[in-house]
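S.K.: Model the full assembly from the supplied sequences, consistent with the hints where possible.
Line order of the protein sequences matches chains A and B. For the first sequence, my numbering begins at 482 and goes up steadily by one. For the second sequence, my numbering begins at 482 and goes up steadily by one.
Note that these hints are calculated values from the structure, not bench results. Do not rely on the hints blindly, as some may be mistaken.
Which copy is meant is left open, so a pair is good if it fits within one copy or across any two.
What the hints assert, rightly or not - Here are the simulated lysine to any residue pairs, SDA-like style, with alpha carbons at most 25 Å apart:
1. Lys498 / Arg793
2. Lys794 / Arg613
3. Lys724 / Ile490
4. Lys794 / Gly559
5. Lys794 / Glu531
6. Lys493 / Ser842
7. Lys498 / Glu710
8. Lys794 / Gly537
9. Lys657 / Asp784
10. Lys706 / Ser841
11. Lys794 / Arg565
12. Lys772 / Thr810
There are 2 protein chains.
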Amino acid sequence: MKTPLQFHITAKDTKSKARTGRLALPHGEVNTPAFMAVGTQATVKTLAPEDLSTAGCQIILANAYHLSLRPGDEVIAGLGGLHRFMGWEGPILTDSGGYQLFSLAPLARISDEGIDFQSHLDGARMMLTPERAVRIQENLGPDIAMVLDEPLGFPHTWDEAGQALSRTTLWAQRAKEAHSLETQTLFGIVQGGGFEELRARSARELMALDFPGYAVGGLCLGEAKVETESLLDAATDVLPLDKPRYVMGMGTPADLIRGIRKGADMFDCVMPTRHARRGNLFSWRGRLSIKNAAHAEAPGPIDPDCGCHTCRKGYSRAYLRHLFQAGETLGQRLMTIHNLYFYQDLLARAREEINRGCFSSWAEEQLAGPLGRDPEGPPGGGGGLRRDRAGRLVSGVSARD
Amino acid sequence: MKTPLQFHITAKDTKSKARTGRLALPHGEVNTPAFMAVGTQATVKTLAPEDLSTAGCQIILANAYHLSLRPGDEVIAGLGGLHRFMGWEGPILTDSGGYQLFSLAPLARISDEGIDFQSHLDGARMMLTPERAVRIQENLGPDIAMVLDEPLGFPHTWDEAGQALSRTTLWAQRAKEAHSLETQTLFGIVQGGGFEELRARSARELMALDFPGYAVGGLCLGEAKVETESLLDAATDVLPLDKPRYVMGMGTPADLIRGIRKGADMFDCVMPTRHARRGNLFSWRGRLSIKNAAHAEAPGPIDPDCGCHTCRKGYSRAYLRHLFQAGETLGQRLMTIHNLYFYQDLLARAREEINRGCFSSWAEEQLAGPLGRDPEGPPGGGGGLRRDRAGRLVSGVSARD
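M.R.: And the structure:
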C-alpha cells in the first residue's frame, strides 16, 4: 500500500540537525519546518479558513478528543469529514487527545486497555482506547492522525516514565493494527518522560513498528528549556532521517528555533493564538502587550515591517487596544491573524536560512536578540501537566486550545 | 454654506408614503431606504470593515456617548477621526447617546442645561450638554451627527412628553448653533412620546430650525406596533418631503416594511447583529434558531437561496450550530454576516419594489407571510426604556450594541 504521505528532504544545515523538506499530503504540500495553528474545535479560534490562508498557514491541527465529544466524529463523518465541515481545504493533522483528556478530565483512570474518563462537557463516563482513537480519526478524516499515547506529567520517576513508554508502544502497535484508512497517515509518538535513555528507547520501539512519521510528545510540560532540548536531541538522534518529526505543543519563537536546530520538522502550539486573544503580540522586535497604556494613542500598526493583513490594512495599535479594552472580538481576530503570520514568517525565514546554508549563525543571532529574551514557560504563564500532592496528573491549562 | 448632504427622491409609491432616494454624503452615496448596521464601539460587533462591504452595508452607525468615554473623542480626533480609526471608508452616522446614557446610567439627572450622569465604565460624574454632544461628534467626524435629545420612557403623561419635547427643541437649537463642522450634517430628532399631536408639534418646531435631515426618536420602546405606526405617521405627515427621515432603533423586518410605508428613509437597530450572536437567524422563510437540535446534522446552509458569504461559502447549519455550542466566535461572525446581508437584501428588495411601482402589494404580501409572523417586541426580548415604581427611567437592554 502506497502511503498517502511523501516526505523529501530538500536541504540540510551543516552545523546542526536542521533541515528543510517537502511534505506531500492528500490535501496539499507543506514546506517544513512547519508550524501548525491549533484549531481544537474545528476552528482556529476567531478565524475563518480564508484568514488562515492569508496568515500563511499551510497545515492546521484539530483535536480528535474534543470533536468526538462535540459535535461527534460520526456527525462529522456524515457531513463529509473535517475538511468539508470546517471549510479548510488544506492539510489537517488531528491529535488523538490523550493529553487533553488528562488536562480536562483529571479523574481519568489509565489501564492497559485504555483511558477511562468522564467527559468534560457532561460528565458522561467513557473509555478511550487506542482503537477508538483511530476510529475517531478515521471518521474525522484528517491527512495525519496520531496514535493514543500515555501522557506523563512532571515530576516523575524512571519507573513511571518507563511504564508510560511501554504502554505507549503497546498502544501504538494496536493503533497501527486498527488503522486502515488509506488516505490517512498515522504517526507514532515518542514518550520517555525526562530521561534521555528512555526517549531513545521509545524511538527505537516505535521505529520497529515502522511509522511514516514520528511525533515527540510530553515536552514543554514544565521541564527546563535545556532539558527539553536534550530530550528532543535524544529522540532525533535515533529517529530515521527520512521521516518527518513533529514536536508536540512547542512553543515560543525561541523554542521553535531550538527545535529546528534539533531536527524537528513540524510544530504546533496554542501560544500565538491564545496570546493574541490576551493582547500579547509577537514580532521580530520582541513581544508587545496591547494593554499597555503607551499604545492608547499610537497611530502605527503593531509592527511597521510586518506583512500581515492587520498591519498592512493599517489598523493602529490605538484601535487594537480600544477593541481589546472594549471586549470586542474583532480585536482578538485581528491580533490572532498577526501572531499567526509572525509564526509563519519565522518558519519561512528559518527555511530560507537552512536553504542558503546560514541557519546556525542566524539561529544564534536570533536567540541572542529579542526572540531569545521572550518570557519563558508554557503557554498561558503556567500550567502544563504536573502531579498534585496525591500523585495525580493535573493541569492548569490545556496546551491545545 | 453648502450642506455636505444632498438628498434626491428617485421614486415614490402611489399607494403609501414609501419612496426611494439617493443620499450623497462626504464618504459616499447611500440608496434609501437604507438600514444602518450598529457599530457602537467603532466596530459592528465581530465584523471587520470588509465584512460590512461584503454584507452590502452602505452606511453604519456608531455611538458618540460610548466613544467619548472610551477611547475618548479627542483620542479619535488625534488619530484622524472615526473613519480612519476603524478602517471603514463609507458613510457613518453617530448617535449623540442620550438614549444610551439613560439605559446605561440609570441615575442620570436631567435639567435644561443637559444630562448629569455617571460613566457606566468607571462611575465618574459627567455632564452631557447639547454643545458637548456636538463637540464630541465634531471630534469623531462622522458624515451625519445627531442632536442631543431627551429620552422618554413608556408609560408617560402628556405633560411629561410635552416637557421632553420642548427641551429637545431647545437643545436642538443650541446644538445647531454650536455645530460648525462643514463636512458634517446635523440631524434634528422628533420626540413627543406616545401622542400624535405632540409628534406633529415636535416636527414643526424642528422644521423651524431647518435641519438638513430629521430623525424620529423614542419609538419601539415598548408601545404597541400599531401605536408606533401612527406616531411615525404623525411625524412624517408634517416633515418636509425633500429631506431624509431616519427612524431610530427600528426594528424587525416587518417593522422596517411598515416604517418604509410611512415614509422612512433610514433605519438602525441592533436586531440583526445581536440576534446573530444569539444564534437567531433571519431569512425570507422566517426566523431560525441555530440552537435547535434539528440542525445538529444539517448539511445545508442557513438558507439555500441566500447570497451572503456564509451561505455561499457552504457553511452548514451543523457547523454553525457546533460553533455556537462550543462558544467559538467564528460562529457569531458568520451568523452576523448572514443577518446583516438579509437586512440589506430586504431593503434592496423594498427599493426595487418602490421603483417598479409595486411596493404596497409587496409589503402586504410580506406582512402576511413569514416576516409578518416574526416574534414581536423590542430587541433582546424585553427592555427598552420604561419607568420604575419611583418614576425613574430604567432599561433592561440598550437598543444600540
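S.K.: If a hint holds in the structure, say so; if it doesn't, say that too.
M.R.: Structure-based check of all given hints:
| no. | hint | result |
| --- | --- | --- |
| 1 | Lys498 / Arg793 | neither (35 Å within a copy, 46 Å between copies) |
| 2 | Lys794 / Arg613 | neither (46 Å within a copy, 32 Å between copies) |
| 3 | Lys724 / Ile490 | within (9 Å within a copy, 70 Å between copies) |
| 4 | Lys794 / Gly559 | between (39 Å within a copy, 19 Å between copies) |
| 5 | Lys794 / Glu531 | both (16 Å within a copy, 11 Å between copies) |
| 6 | Lys493 / Ser842 | within (14 Å within a copy, 74 Å between copies) |
| 7 | Lys498 / Glu710 | within (12 Å within a copy, 76 Å between copies) |
| 8 | Lys794 / Gly537 | both (16 Å within a copy, 20 Å between copies) |
| 9 | Lys657 / Asp784 | neither (46 Å within a copy, 42 Å between copies) |
| 10 | Lys706 / Ser841 | within (18 Å within a copy, 73 Å between copies) |
| 11 | Lys794 / Arg565 | between (30 Å within a copy, 11 Å between copies) |
| 12 | Lys772 / Thr810 | both (15 Å within a copy, 21 Å between copies) |
Checked against the numbered hints above, the structure breaks hints 1, 2, 9 and satisfies the rest.
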